[in-house]
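J.: Single-letter residue listing:
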Amino acid sequence: GEDVEQSLFLSVREGDSSVINCTYTDSSSTYLYWYKQEPGAGLQLLTYIFSNMDMKQDQRLTVLLNKKDKHLSLRIADTQTGDSAIYFCAEIEGNTGKLIFGQGTTLQVKP
Amino acid sequence: EAGVTQSPTHLIKTRGQQVTLRCSPISGHTSVYWYQQALGLGLQFLLWYDEGEERNRGNFPPRFSGRQFPNYSSELNVNALELEDSALYLCASSRIKGGQPQHFGDGTRLSIL
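Residue numbers (the numbering used here), protein chains in the order written: chain S, 8 to 118; chain F, 10 to 122.
Simulated from the structure, these hints should not be mistaken for laboratory data. Backbone N, C-alpha and C define an ideal beta-carbon position, used for all residues, glycine too. A couple of the hints might just be wrong.
[As the list claims (entries may be wrong)] Pairs of lysine to any residue, SDA-like flavour, derived with a Cα cap of 20 Å:
#1 S:Lys-43 / F:Leu-50
#2 S:Lys-43 / F:Lys-22
#3 S:Lys-43 / F:Leu-90
[Claimed, not checked] Computed beta-carbon distance windows for the label pairs:
#4 S:Arg-67 / F:Pro-79: 37 to 45 Å
#5 S:Ser-24 / F:Thr-29: 39 to 47 Å
#6 F:Thr-39 / S:Lys-117: 38 to 46 Å
#7 S:Phe-16 / F:Thr-39: 47 to 55 Å
#8 F:Asn-88 / S:Asp-10: 27 to 35 Å
#9 F:Gln-26 / S:Gly-22: 46 to 54 Å
#10 F:Gln-26 / S:Asp-85: 44 to 52 Å
#11 S:Leu-68 / F:Ala-11: 21 to 29 Å
#12 F:Gly-61 / S:Gln-87: 18 to 26 Å
Input sequences plus hints: build the corresponding full structure.
T.: Here it is in structure tokens:
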């Protein structure tokens, strides 16, 4: 079945750039998403990219999509301590309404 | 614009009991989705409702059920609670089924003793 994989942990210094990577298997996914989860909270939609795009930029966030390699990345510029959270990559499974999530990447930002 | 709202925020139940969780979608959204986030199991899709109908169901036993009301709000019911049902239950909504991004609420934390 469809699967989404992420590395589990990333540690960066405040002010550096963070890059969180994700691979997915469903080549028919129309949209790919990045969500953020802070402790004790729900999921916050950060950004999403349509499958016919290569790149999307939104303020400090840059999403890169390589459809050939089924690789998605999220770059956070000038990472702040408030960016510390778990970041989930997700793909939508066809027309089922089902989001398939990766395991989540814990981003630790050191002052 | 108000986001997705869920109630209650926390709930403690014992094995064998039944529970009802509630979700109000963003105004204008007709689709509601339910997910379970259990420790060690990640985020798992439970149910999708659109226009009052169940459109899809994840790999969960029948004791997990729900419904969507004419105002698009939704309930998730879990019968015969088991210890492994302890989890964060997240509700999401979207404007158009399937393609639009799903926006999530803050969830209901269910603990089974």
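J.: Evaluate each hint against the coordinates.
T.: Now for the hints, and whether the structure bears them out:
1. S:Lys-43 / F:Leu-50: holds, 18 Å
2. S:Lys-43 / F:Lys-22: With a Cα-Cα distance of about 29 Å, the restraint between Lys-43 of chain S and Lys-22 of chain F is violated, given a limit of 20 Å.
3. S:Lys-43 / F:Leu-90: Answer violated: Lys-43 of chain S to Leu-90 of chain F is near 29 Å, above 20 Å.
4. S:Arg-67 / F:Pro-79: 37 to 45 Å: holds, 41 Å
5. S:Ser-24 / F:Thr-29: 39 to 47 Å: Since Ser-24 of chain S and Thr-29 of chain F have Cβ atoms about 45 Å apart, the given range 39 to 47 Å holds.
6. F:Thr-39 / S:Lys-117: 38 to 46 Å: holds, 44 Å
7. S:Phe-16 / F:Thr-39: 47 to 55 Å: At 38 Å between Cβs, range violated.
8. F:Asn-88 / S:Asp-10: 27 to 35 Å: holds, 31 Å
9. F:Gln-26 / S:Gly-22: 46 to 54 Å: Holds, at about 50 Å.
10. F:Gln-26 / S:Asp-85: 44 to 52 Å: At 48 Å between Cβs, range holds.
11. S:Leu-68 / F:Ala-11: 21 to 29 Å: holds, 24 Å
12. F:Gly-61 / S:Gln-87: 18 to 26 Å: Because 43 Å falls outside the window, the suggested range is violated.
Checked against the numbered hints given earlier, the structure breaks hints 2, 3, 7, 12 and satisfies all the rest.
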